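Student: So you can see what is in the structure, the chains are spelled out below.
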Amino acid sequence: MQDNDPPLMRVVNLTHMYGDRIGCRDVSFDLYPGEVLAVVGESGSGKTTLLNCVSGRQQCSAGTISYRMRDRRLQDLNAMSEAERRFLMRTDWGFVHQNPADGLRMNVSAGANVGERLMAVGQRHYGRIRETADDWLGRVEIGHDRIDDRPGTFSGGMRQRLQIARNLVTGPRLVFMDEPTGGLDVSVQARLLDLLRGLVDDLGLSAIVVTHDLAVARLLSQRMMVMKDGQVIETGLTDRVLDDPQAPYTQLLVSSILQV
Amino acid sequence: MTQRLLLTGVSKSFTLHLRDGVILPVVGGVSFGVEGGECVVLGGQSGAGKSSILKMVYGNYGVGAGQILIGHSGGQVDMAVADARLVMQVRQQTLGYVSQFLRAIPRVAAIDVAAEPLVRAGVAAGAARKRAAELFARLNLPERLWSLPPATFSGGEQQRVNIARGFLPDLPVLLLDEPTASLDARNRQVVIDMIAEKKANGTALLGIFHDADVRDAVADRIIDVSRFATAAVAA
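Protein chains in written order, with our numbering: chain H, 1 to 260; chain L, 261 to 495.
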């Protein structure tokens, strides 16, 4: 991390309305290379709307989102063509859905799920694609003997790990995650969190993680934003926000955690 | 600057919004400095605000008023107003912290927990593990535990993992929050020796120690925090 590192993504006054209803309003932040930003808040706080807008999955009503391309130009997402944006989403970005079925193709094999992203970036050599897919399945702790099985035969935790492998195989610089541990048993969550943490560290990824689980935010992120009613009400270093919350709502969130 | 760490007029209070906004004063008018090669100990009874002062210096707590200057990267940083990224940079390059309790990470081996700050600072994983192993051995942590995640360790074993993690990187300023609370006499002595070595290397140390024998062995000065607590209530 260097002071003169330019941000990877810059979001300014992002607003999204659903008719008269506010999705999110006036959200601004910079995300730096190698940084993990957690967005926390309860259901309906606007965190998923924000994630969908900044990841190009949803057109925002107002505001700008800029992304630093591999040639170091900062480019306005809205000024890109649909084809350019799609290419970015297939190569330089990843999106991990809460429900793995939303991010996987359930009717093709695990190996094909991973290999497909590689073919999308132009790889054609079957042997090499299979080799890379196999390597990635190993990194997310899926046995080599499962490469030809469909994800439908996998447990929830395995499906989520497969979705992560599918996203990371193209070497993205930025990964969006929507409640990545949401539907999983606690023991499975711990394993996934540890895996994610290791991968983010090893690969130097930047990530925006939406979660309502403050323990997930503490473990994965360096910075966090707290959202309520579509707006960011508190932001800062993750352990500062959690240890010394300022806003009434953040204090309520932090004090509502069960201690075990 | 000979003062590695300088607090001037620092105050802190908590506003409890869930308790009708009642304001809880913690400390006020906190002013002192720590030089390189010196170990300053915060004294005073439980609840006087010793840990709060350490947490403000480290950036876990916000600062109500005043300045906390730390010599960093050839200049000075005021931790009271530094933004999140600058605080992270100071922690990586200048400011270490040994907390009382280990925040256990699921599934990560004790030796990797201890080696992690070195690896983040760019030391090769093998070399970092070797140095962690040396320190574990010195702290008498049984070798059969090294490759296990520390979540199931005893309090004293976890504390030694935490000490190794905090002492391994050579950072100019080190904060110690009761690092010897759960240790037996033999291991307390090891930590006393390690603190003496840090001092000899020019590290500035600021700590809290409840055992009188450790405090007397390591402290160059003891600052009574009670008067800062009184100042907070008066203000």
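Calculated from the structure, these hints are not laboratory results. A quick note: this is a predicted structure, and the numbers were derived from the prediction, not measured. Even glycine gets a Cβ: it sits at the ideal position worked out from N, Cα and C. A portion of the hints provided could be inaccurate.
[Stated by the list, open to error] Okay, the calculated beta carbon distance ranges per label pair: (1) H:D145 to L:L408: 23 to 31 Å; (2) L:R279 to H:G152: 48 to 56 Å; (3) L:A384 to H:S28: 37 to 45 Å; (4) H:S187 to L:L284: 51 to 59 Å; (5) H:F87 to L:R404: 33 to 41 Å; (6) H:F87 to L:Q353: 31 to 39 Å; (7) L:D430 to H:N78: 42 to 50 Å; (8) L:A384 to H:N78: 37 to 45 Å; (9) H:G143 to L:F361: 34 to 42 Å; (10) H:D145 to L:G297: 54 to 62 Å.
[Claimed, not checked] Partial list, derived from the structure: chain H residues whose beta carbon lies under 8 Å from chain L: (11) Y32; (12) G236; (13) P248.
Student: Please flag the earlier hints that this structure goes against, numbers listed from lowest up.
Tutor: 4, 5
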